[in-house]
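Peer 1: The lines below spell out each chain.
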Amino acid sequence: MNLKDIITPLTVWKQAAKEPWTIKNPLTERPGADNYRGFHQNDFDKCIGCGSCEEICQNAAIDLVQVEGQESKDGNSGLRPKIDYGRCCWCALCVDICPTGALTMSNEYTWISDNPDDFRFVPGSDKTKWQNDEKGYKRDEKIALLDFDRIDMDELHPENRDKSFIEIVKGYNKEQAIKEADRCLECGLCTATCPAHMDIPAYIAAIREDDIDNAFRILYETNPLPEICGRICTHRCEDACALHHNGEALAIRWLKRYIADQIPAEKYAEVLGTKHLADDKLDQKVAIIGAGPSGLSAAYYLAIMGYQVKIFEALPHSGGMMRYGIPEYRLPYDQIDKDIDYIMSLGVEIQFNTRIGKDITIDQLHADFDSVYAGTGLHLGRSTRIQGSDHDKVYFATDLLREVALGHEIDVAKKIVVIGGGNVAMDITRTLARLQNQAYGKVDVVATSLETEDIMPADREEIVEAREEKAIIDPGWGPKEIEIKNEQLKGLHAVRCLSVFDETGSFSPKFDENQKKFFEADMIVESIGQGMDLSYISEELKVGLKFDPRGRIKVNEDFQSDLKWLFIGGDIIQGPDVIHGIANGHIAAKAIDKYLNGNKEKS
Amino acid sequence: MIKNSESKYKDYVADRSKYPQEEDGKAIIDLDSHKFTKIWQGPQHPGVTGNMSVELIVNGDEIVDAKTRVGYLHRGFEKLMERRRYIQCFPIVCRICVPEPDTNEYCVSAAMEELAGIEIPEKAKWLRTLNLEMSRVTSFLMWAGGQAGSLGMNTIPQWTVGMRDFWLDLFEEMTGGRVYHMYMIPGGVRKDLPEGFRDRVRAQIIQTKELLVDVERSFFNNAIVKSRLIGLGHIPKEMISEYGITGPNARACGVENDIRITNPYLKYPELELEMITGTESDAYERAKLRYRELHQSLNLISQILDKMPEGGEIQAKLPNVLHWKIPAGQTYKRAESTRGEHGFYMVSDGTKYPRRIYARGASYTHAISVLEKLACNITISDLAALMVSLHTCPPEIER
Ligand SMILES: Cc1cc2nc3c(=O)[nH]c(=O)nc-3n(C[C@H](O)[C@H](O)[C@H](O)COP(=O)(O)OP(=O)(O)OC[C@H]3O[C@@H](n4cnc5c(N)ncnc54)[C@H](O)[C@@H]3O)c2cc1C
Ligand code: SF4
Ligand code: SF4
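Protein sequences appear in the order of chains A and B. Each step along the first sequence adds one to the number in the working numbering, with nothing skipped, and position 488 is 488. Just so we're on the same page, the working numbering is the position in the second sequence counted from 1, plus 603.
Among the hints, a few may not be true.
To give a feel for the contact side, a few chain A residues facing chain B, derived at Cβ under 7 Å [unchecked claim]:
1) I6
2) T8
3) V12
4) W13
5) Q15
6) R37
7) A60
8) L64
9) C88
10) C91
11) K138
12) E141
13) D147
14) G306
15) Q308
16) E483
Heads up, simulated BS3-like pairs for lysine-lysine below, C-alpha to C-alpha not over 27 Å straight-line [to be verified]:
17) B:K840 x A:K142
18) A:K135 x B:K794
19) A:K46 x A:K135
20) B:K812 x A:K179
21) B:K840 x B:K670
22) A:K442 x A:K170
23) B:K955 x B:K976
24) B:K812 x A:K14
25) A:K46 x B:K812
26) A:K516 x A:K554
27) A:K142 x B:K812
The calculated label-pair distances, taken between Cβ atoms and stated as ranges, are [unchecked claim]:
28) B:G953 x A:G551: 55 to 61 Å
29) A:W111 x B:K638: 34 to 40 Å
30) A:E221 x B:R686: 43 to 49 Å
Think of the hints as simulated: they come from the structure by calculation, not from any bench. Don't be surprised by glycine CBs; every beta carbon is placed ideally from N, CA and C.
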């Protein structure tokens, strides 16, 4: 031991004179770092109650709970995460997974309370002093636990489709479908929003597992027209998709189509286990008016319950507007047939070219059958009723589309104007563009609507694709008069439309009469909506029914009218779209079963 | 055997004339003879590192037999992970070790990435390397306090643990957490550096080095330290491979074994990094070596700050983590922690959940077999110093 080793340690005494490092809390402020993972915050305006935070939390610290003032609506469960700080480890996985970016963390360090219950709290609802703190941990844009980009869908190039009615969308292959299915969060907001409440997360999971048979069975639990819906459904589910808030919604519709496309028609009965059904029938008979999606759905579910089902259809083919409205390039006829043939294979009868109210009365059906379901759709065109609209070169869109579907020649003009800005207007515009191309090798069709482009009701992709096919979309004009000279149609006079709805949101268009436009044309198509034809309901029956202000028959939640034997659904009640028709038909089928055999069940 | 002339154990030859007698090289300990006392150091004892205990048989104040007893800290992390999705594992593994959680984060992510065939972006590699070296610094600072404290010198712990807190401030800025950083996730890291961070780290390096001048002066040129640490817990070279000794404990007797150099990972190949070794692995030599490695880590951090590019991707694209399945396979990923070889063995059976994850910490060897061996024939008062000089950390024994 030497003296140096005894003295040297004493030379560091100067440290004693240094400023201490400790701080006097709370006298000295020491906020957390900008990025500190402190207590949670939730922006209720963004949160959709998807529960992804609950799902990812490896400590089971989160429960989704009902919160006062938060209602459930489409795309929003109304539930909010409640966090148990006895379990939370502040890993912020919940923040990183939150698809809406609602959940964040403040940089607050301390929280003192003598009530243990306080530490189980609902951020955003329980008022905390850090709720609006800007600093703290937020999900980094550069890291992604979720995939916000959709797998691209192959489509026909405009040049390869503008003369033909070949289907545009090619569909996913297996690899693409599994990749797309992988993006699903399984939150189920889609299921809640889908009118038919299809178990979307379950069939998407089955795609991931590559168990297509199972996926197909899941589809049929709630939807007997999957090839059709997989192509043209209005996909409200996708609008509700949690991924939609910061990226692209899951391609639910294309995934449904992928499933149905994988199963060949001849395997349907085997996969769905319905081989025995056709010869094993109950005595009771149900009549269905209209072979649209709604009538077909009711027929399917009644048939698998064992009822004898007979459909009466005015037109020569089944499918309703799916065949006679939706153009073939969106929904090929063989795909319609694939779905419907299977329903027919279950022993469902159909009588074509039979209009109820004309060929057979509804009273006759009431007499011959135990119950009747009517799904007759909207087939009457609506007119602008402007001067000149009664000219024989002015058509309704639905009439023309029906003619095309029936394979009839139509007299396509060289210069056409379509009035309307919805999806039906786009369908007729694009159909006419194809026909013009076929007849004259060039397109000259203009679609014009009251609405400006930003508020046009048509889907964005419809507008884009119509333009790709060289149709002109010129929105924001109000039709004034159709000019007729020497009985020849000359065109449409229009004025600038300034607004379509008033402050209360009701339809009340305002125009600037000084801004005028003349659309030259030798054919005009009106596509401003369709109306229903309930003439098959006789005056005597009407006495027993109630109607709403829009002329629709009132039904209960089972789609049962005040005449207990008469059930009604589809476009004439709800929608208008295919999936509402399917959902209504399914509910009505169950209700008809309850109506006919409910008591038996109980005994 | 013990060469250092200053060692108090220099001329020590265990006096076996009375007790305990030996048979086949093993002491015969008959407690009923009342010639021995059994005492427990730990689990609640300031002289034990973390929650473990050493069951001692003493003869007077000489330890004649020692058994490491664990079981106070079993949290079941490995089992928990078998019930967790892969992404849910990283918040768990850091909790294996308070002083140096990041090595766990790195190994578990690296194992998943290897099994899943994910290549992480360059910037993420830099940030991980920075993170690991910062965590080595904090771990060494904590050890430095522990080593001085174990000798009853309570000033150095105040300084070094205080200094460690400034590093934790930097961790807080960089990762969002002070102790458990949960920064490295499969695929990369969670954040890029905040504005001005590099300069704050550089300033912190200077501040640390300044303090270390005083720490080292008062520690190494210190009669008490020398008299107590020199010769204590000597590890002969033969023991290294026989016992599986790694890290500073092995390097201190000249074994060239530093995974950062021998099996380099992340950005270590791009850094100037030399193998630091000693000659005689006793407590004093090991302390000297750890201080040199502390300086080495500070130096590596400076190099990283200079070389790491600005911007760039920080995470490789993962599949949806909620359904993430890793192809069946197994791997062992390791890294150099301040205590030695730290590794994770991972088995995937192709499902959403890991089939088996095994965490290997250097302390499993150092705090059990090595400690039990070296504790014999030292005094009770030196046991704490010995333990710290092996840098034992019970949480990595019991995961
Ligand atoms: C051009 C166009 C495009 C559309 N595109 C889409 C789309 O992309 N996606 C979507 O979801 N929806 C779309 N729709 C709407 C969709 O087609 C309808 O909402 C759906 O078909 C309504 O189903 P439904 O069963 O109620 O009636 P309909 O499909 O209209 O079927 C009713 C059936 O009843 C028959 N019928 C009517 N009266 C009688 C009677 N008295 N006796 C016997 N039979 C009768 C009709 O001939 C018809 O076959 C489109 C509609 C049109 C017009
Ligand atoms: S993940 Fe986000 S949006 Fe979904 S419930 Fe949790 S906080 Fe709300
Ligand atoms: S921070 Fe981590 S532990 Fe806490 S609630 Fe979120 S996911 Fe669960």
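Peer 1: Decide, hint by hint, whether the structure agrees.
Peer 2: Structure-based check of each hint:
no., hint, result
1, I6, "5 Å, holds"
2, T8, "4 Å, holds"
3, V12, "4 Å, holds"
4, W13, "10 Å, violated"
5, Q15, "6 Å, holds"
6, R37, "4 Å, holds"
7, A60, "11 Å, violated"
8, L64, "16 Å, violated"
9, C88, "10 Å, violated"
10, C91, "3 Å, holds"
11, K138, "10 Å, violated"
12, E141, "10 Å, violated"
13, D147, "6 Å, holds"
14, G306, "39 Å, violated"
15, Q308, "45 Å, violated"
16, E483, "58 Å, violated"
17, B:K840 x A:K142, "49 Å, violated"
18, A:K135 x B:K794, "15 Å, holds"
19, A:K46 x A:K135, "18 Å, holds"
20, B:K812 x A:K179, "52 Å, violated"
21, B:K840 x B:K670, "23 Å, holds"
22, A:K442 x A:K170, "25 Å, holds"
23, B:K955 x B:K976, "43 Å, violated"
24, B:K812 x A:K14, "16 Å, holds"
25, A:K46 x B:K812, "48 Å, violated"
26, A:K516 x A:K554, "43 Å, violated"
27, A:K142 x B:K812, "35 Å, violated"
28, B:G953 x A:G551: 55 to 61 Å, "60 Å, holds"
29, A:W111 x B:K638: 34 to 40 Å, "57 Å, violated"
30, A:E221 x B:R686: 43 to 49 Å, "31 Å, violated"
In summary, the numbered hints that this structure violates are 4, 7, 8, 9, 11, 12, 14, 15, 16, 17, 20, 23, 25, 26, 27, 29, 30.
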